[in-house]
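J.: For the protein sequence lines, the chains are A and B, in the order given.
Residue 996 is where the first sequence starts when you use the working numbering, and the numbers rise one by one after that.
Residue 869 is where the second sequence starts when you use the working numbering, and the numbers rise one by one after that.
The hints are simulated quantities; they were obtained by calculation from the structure and are not laboratory data.
Some hints could be false.
With a straight-line cut-off of 25 angstroms between C-alpha atoms, the simulated SDA-like cross-links for lysine to any residue are [stated by the list, open to error]: (1) B:Lys879 / A:Ala1211; (2) A:Lys1140 / A:Asn1117; (3) A:Lys1079 / B:Ile878; (4) A:Lys1257 / A:Lys1140; (5) A:Lys1054 / B:Arg924.
If you're wondering where the values come from, they're calculated on a predicted model, not measured in any experiment.
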Amino acid sequence: MNTILNPLYNLVSGVIILFHKALTPIFGKDSGVTWALSIIGLVILIRIILIPLFVKQIKSQRALTALQPQMKAIQNKYKDDRQKQSEEMMKLYKEHKTNPLASCFPIIAQAPIFFALFTVLNGIARNVPHGYLKGDYLVSAAQAKFFGASISQSFLGSSDTTVKIVTVILIFIMSATTFTTQRQLMVKGMPKMDSSNNMMLQQQKIMLYLFPLIFAISGVNFPVGVLIYWSTTNFWTWGQQFYVIKRNPTPGSPAYEELQRKRAHKAKEENRSKGGTVIDPENTELGQNGQEGEVKGQRKQPKKKKKR
Amino acid sequence: MMRTVTITIIKLYQKWISPAFPARCKYYPSCSSYATSAISHYGLRGVGMSMWRLLRCNPWSHGGVDYAVKPFTSNDKTSVGAI
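Please put together the full structure from these sequences, using the hints given.
T.: What follows is the structure, encoded as structure tokens:
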């Protein structure tokens, strides 16, 4: 087991130590800021590596615009058979070599890192070296404080009130960011659903509120450093999604319609100021997004994203 | 015994965890339902199959229809045809 885990420990501790070395001249070797920022650096590095995957997924989601007629046909043909509908939809994606779904990979890829970080940070508290985090670094990290709380301590593992307060605040941040991210996606980012998906939407709404609770329950076992990692990665997810919803929303979603309106409005304004000999302002704007005629159709029949 | 436990865990995931996130599986049936049927049919071998399925469900795959236990009717083309 250790032959699998050791490279992971090396990787995680190595990246942290690299950031630590880079930040030491600014904040000092033993400063909690240096250590906290090193963990945040690890998150940022991982998320930057994952960006191309995210972009790829967004691109194939947008490529679906061209498949709208077929998707509509499938939905109509198998109105009463959800299974057949999902099946046909998947075949369609495969035939056109575009699949809008993300797969679990981005999560599964992060899980071992998360686990390794968990072990490495717990090792600091128990004075057990992992990977490159040893010797002087281990001593320094054990004393590092994040807003007065040792980064290696957890809510349940420490009797220190400061640790308890800091962990509670971090768990709150984690829950709040997850909540906002999910809510933002549900309210603005997803195509409006037809009645057959209402139950799923209902279920999702319950989850929306239940999930922060699950975080709170598991979060009390995690060291402050892991909570820093988790909060940062949540912030990143939120920001990433915010950007996409604002700048490149899913066709058929409320955010998409908003953007279309804004663009049409802007084009009209520009036309007016120019004295307007341009053909149709809406056409030229929508032309960038592909087929203009289809855009109108999508508002009535949004693409189905959910299948389970 | 182990089968029941594993399948119960997957079912709990399907009921309580998965709905909190947008659908993400590239395949039909999803990796979790694939795993349930694979494990209930093949036991330990099903576990291996499910692992392999999870690995195949990655950003570079195009997904598709893929059953652990083949149903009666299945072919690879859509009935609505290509463009």
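J.: Run the distance test for Lys1079 of chain A versus Ile878 of chain B: straight-line Cα separation, threshold 25 angstroms.
T.: Holds, at about 23 angstroms.
J.: Does the structure keep Lys1257 of chain A and Lys1140 of chain A at a Cα separation of 25 angstroms or less?
T.: 47 angstroms, violated
J.: Straight-line Cα separation of Lys1054 of chain A and Arg924 of chain B no greater than 25 angstroms?
T.: 20 angstroms, holds
J.: Verify the proposed pairing of Lys879 of chain B with Ala1211 of chain A, using a straight-line Cα cut of 25 angstroms.
T.: This hinted pair holds, its Cα atoms lying about 23 angstroms apart.
J.: Measure nothing beyond the straight line between the CA atoms of Lys1140 of chain A and Asn1117 of chain A; if it is 25 angstroms or shorter, mark the hint as holding.
T.: 15 angstroms, holds
Hint compliance for this structure: hint 4 is the single one not met.
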